[in-house]
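Peer 1: One letter stands for each residue in the lines below.
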Amino acid sequence: MSENQVPEEIQESAATEAAKLGIGTDEWVAQHEERIARKKGIKGLPQLINESIPAWARWGVLLLISFAFGAFVDNQYLLRIGVNLGLFVMLSYGLNIVMGYAGLLDLGYVAFYGIGAYGYALMSSEQIGHHWSTWLTVLIIIIGTALLGYIVSLPSRRLFGDYLAIVTLFFGQVFVQLVLASDNITFPWAEDYVDITAGANGIPGIDPFSFFGHKFLNIRDYYWLLLVLVALLTIAISRVNRTRIGRAWRTIREDALAAESMGVMVNRLKTMAFVTGAAIAGLAGAIFAAMQTAVFVSGFDMPLMTMIYAAVILGGSGSLAGAVMGAIVMSVLPEVLRVTNYSEILFLAVLVLTLAAVGKSVKRFTINIVGIALIGFLVKILLGAASIKTTPTKEWVVGPVSRALSHWMYVPLDRVLWGNCAFVILIVLIAYFTTTTPRIKSILLPVIGYLGIFLWEVRLVTDVNTTRQLLIGAMLVVLMITRPQGFLGKARVEVL
Amino acid sequence: MSYLGQQLVNGLTLGGVYALIALGYTLVYGVLQILNFAHGDVYMVGAFIGFFVMVGLGGPLKPSVPVAVMILIMFLVAMLGTGLLGIVIERFAYRPLRNSTRIAPLISALGVSILLQNAALLLFSANIRSYDTSSYISSTLGFSFADITIDGVRLFVLVLSIALMFGLARWVNGTQVGRAMRAIAYDRDAAVMMGIDVDKVIRWTFFVSAALAGAAGVMNGLLLRGVSNGMGLVPGLKGFTAAVVGGIGSIPGAMLGGLLLGVVESLAQGYLSTNFSDTITFALLIVVMLLKPNGLLGKRAIVKA
Amino acid sequence: MKKTTRLGVVAASAALVVSGLTTVATPATAASCSGTIAIIAPLTGGVAFIGKEQQGFAQLAVADYNAKNGTSFNTKDYDTQLDAAQASTQAPNIVANKDVLGAMGPAGSQEVLAIGGLLGANNIALVSPSATRTNLTAGTFPNFYRPIPNDGLQGPGDATYMAKTLKAKEVVVIEEKTAYGTGLAKEVVATLKTLKVKVTNIAVNEKNADYAAVVTRVSKTTNFVFVTFQDAAKSEQVAQELIKQKKKAVVFGSDGSDQPTFKTPGTLVSAFAPDVTGLPVAAAVVAAYKSTYKAEVTTFGPPAYVAAQVIVEAAGRACAAGKPNDRAAVLAEIAKTNIKQTIMGNALSFTANGDVKGGRFYIFKTQADGKRKLVA
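Just so you know, the protein sequences line up as chains A, B and C, in that order. For the first sequence, our numbering assigns the number 1 to the initial residue and increments by one for each residue that follows. For the second sequence, our numbering assigns the number 497 to the initial residue and increments by one for each residue that follows. For the third sequence, our numbering assigns the number 802 to the initial residue and increments by one for each residue that follows.
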């Protein structure tokens, strides 16, 4: 029945296009409405959620959950994940101002986080021997990172887009190198070298926060601190966003030249974005250092940077709720995926959903599931007939899902070899799948589905950590293709 | 003098490899105005393909074909393999995003980069492989000139990278696809109206760009040995830097940028500080960028309103 | 209508999956002695090759012990990517896992600094196969043990060998800016200076790939280039580049270079064990590793086997003494470790601070045929 549907769709879209595309109308402009309009089916789901739940309800529920989490959860690991999430949200907020609102591609952003952390470490540990009060230290860090943000913003007055990206990228790299190298500085006037940052050794033994005589010895203290800070930041940023400054930022993002000619103080606003973002990251860094009581420069390098970017863009650049969602995905999901049981269930759910989305009809969906089951039995019979040795069931069953599959699945003894072959074949098939005719597609789909399950049970389960990274990578690509504006972002038309 | 000469030789070879990577960035940028951040990982894949071809031909200790033929096959297979990989990446990660915001392909590329790195980890395991060139290319090969030694591998890499650059220049200027590519870079809409098959040209662009990265990967293996799944990050950044310094989108710019970057890095390591060499390179580049915001040979960007 | 049915099918199949999951409950393992050995290692990321090998060997150690003693100890992986922040996120996770009796790892000294305290407060022993920084066993972490000698033995030992036995006059120390490289280079440089050897310390970034420029800086009169890389391909590159640039200096690699890829004839390498692959006591383990994990044995694996062995044996003893699943008992038993001969060939017992009693380093010289010969 879906086959009958296809020509209708084509007719329909052709008709609307013809109606919209008058002479002298740009195709891009003509499609503007359509681009912004909600997509049908699963693709439109995020937007539906976005539009149907009012902001106050969303934030209220979030706050309630976070509050309950802090109040009732007693597991240190979960609390630590909560704290990581809080820090991640702060970083995403900061980047959201710089990149999401003002549209400045700052690839050195994570350095401010590192500077905040190292700043706190130097002022509150035996490294130099200072143990200043938390109030003073945090104040110095906020002002210091803001000033640095100002300095880094200077090139943005002359440089655009990718060129700005590269200058800031260097700023981030230079920070790492300076910290690494500053354990062994010889001054012309001194005999012995001076060790400032301890280089790659990092700085251990950092004092925890201490306010009004209360020392933050429990991770829960940091959780509450971060919850309050994130709540305050959410209110402040969304307020600012609605003022003249917020609007001006967005005009710079859309078209700096036009903004300038309309009297927007482009340079000053760019600087403001940089400074605010830097100060937020610096503060987050200080909290991180105090919470972990040790800092190591390798944690403030490109991998974290890419994670923050991914979080902001995943959630929807320019949206605070999106930043929170992105932070959850990038900092909580990897922890969830560490547990094989969960990742297995998640994998199967994603597979079923994908089949449902691709199959488009109940009949097709059923055929696919039955097809996968049949292929599975066929493979089991064939491989069994070829008397290829199997891995004992108890060695590869890791959770309820694989236990349920264990009578159906054939797991060869040489899991690495078979898994690698399946991996390569799967990629080739997927590549072929997207370019071929519907008829072949419908044949291929169950094969791909089976190969996916096979690969999962044979190879990926044994290598959970690599799998986790693979899934994150795949998720980024798929999300960008299906919803480039991010999960909760608004679709916008960009003038190129 | 000989010290300076030796450092220049070191820098030029390194620069040749950077230039090849930079060319890949610049080609794609010229046509699509996107930064292909997965480029460094394509380079990694190229190095791996080269390695496995070497092992497949009997390994470095007892190659089943003459060494020269083996190296030739290594390059050809690696370039073909990465070229195809480039087409696949374009088809899946970039084509659906062609009319999207500028940041979307960037993130998509990030995803591809993570995917490639971990796919390599899964398929090739985490071991660091070594090209082990010393067992089949004598380390005393090459020639000396006034105390400057240019060993065989270095000379070969330098010559090959320059040859590839000239080949590319000929391809861009002399062939129909190359001309179509330049037309698209200049004005995509007009090119479409002239009947140019944009998809085909973009496919070619990605093929060539990735093949160059693959060649650079094999060169890196021959020159520096170690091959691992995370090796693409730094050369990727360096190549990107070189492309931007030269003026992104400009082919001679990428060559100049790459060679310059290699030489500056070498001199910084040789005369100032090995530890701060990247910092020094970066500082210099920032100065260049502030003086010439569009790169050394880049055209002044026309800001469309 | 169509949409609702489609959603219905999705929901139904999801429900089916969920119900299938709930019915198949995990059966409890009923063996006399059980418990989990945590494996804290960089299983993904830039140095995954270290973590993977450590993981494989640790799993083998536990499996071997189970096979011999009929116990059912198991392992659980905690990936840290050699990142202290990730390690310290995992630390409470390890603490919260009531089955964990002790931890093999973490790989990096900085990770020990980040998590040692928390795990110590919860009586979880850390037995690291590769964290060699001297100050880790200075008394701060009473729960920390390592089956390998520390940098305080290796650095000065190598330096003394170069200066006294080989009469080196001029040495270049290439210090890779990692926690490992920096710590070791400091020890070497300090000892060489006291022995009146002319030392040039060249610090390089870990991300650096081409060492031609560095080698060009090495003077013609230099006797040795001491390298502190963790990737032997880099040491080999330096050795070959020295030959190409016609310099007589010989590369001296630390244990990080103790891998088959570093094989230029004449080079020296120090290792914390005699060549494990040639030891009869290790033959079975090495063969099992090669067949199970299809990878070469390098310097990182065997100590992980010993580290896991230390924990699992201590757990076994604690269990036999009537204290199953008691972390404190396991920790106490680890201190009493006394292995006659480990797969690294030595006898193993710990000092009060957690270092190997009587630990020493071995120095090898690569022969013309690529094989290594013990010289000190």
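Don't read these hints as lab results, they were simulated from the structure. Quick reminder that beta carbons are idealized off the backbone N, C-alpha and C, glycines included. Don't take each hint at face value.
[What the hints assert, rightly or not] Covered stretches of chain A (chain B as the covering partner; in silico rule of three or more C-beta atoms under 8 angstroms from a C-beta of chain B):
(1) 54–65
(2) 164–177
[What the hints assert, rightly or not] Pairs of lysine to aspartate or glutamate, EDC-like flavour, derived with a Cα cap of 20 angstroms:
(3) C:Lys877 - C:Glu1114
(4) C:Lys877 - A:Glu335
(5) B:Lys558 - C:Asp1170
(6) C:Lys1048 - B:Asp683
(7) C:Lys1091 - A:Asp192
(8) C:Lys1008 - A:Asp301
(9) C:Lys994 - A:Asp192
(10) A:Lys394 - C:Asp1170
(11) C:Lys1021 - B:Asp693
(12) C:Lys1008 - A:Asp414
(13) C:Lys997 - A:Asp183
(14) C:Lys997 - C:Glu971
(15) C:Lys999 - A:Asp414
(16) C:Lys1049 - B:Asp643
(17) C:Lys994 - A:Glu335
(18) C:Lys1095 - A:Asp414
(19) C:Lys1124 - C:Glu1114
(20) C:Lys994 - A:Asp301
(21) C:Lys877 - C:Asp900
Peer 1: Out of the numbered hints, which ones does the structure contradict?
Peer 2: 1, 6, 7, 10, 11, 12, 13, 15, 17, 20
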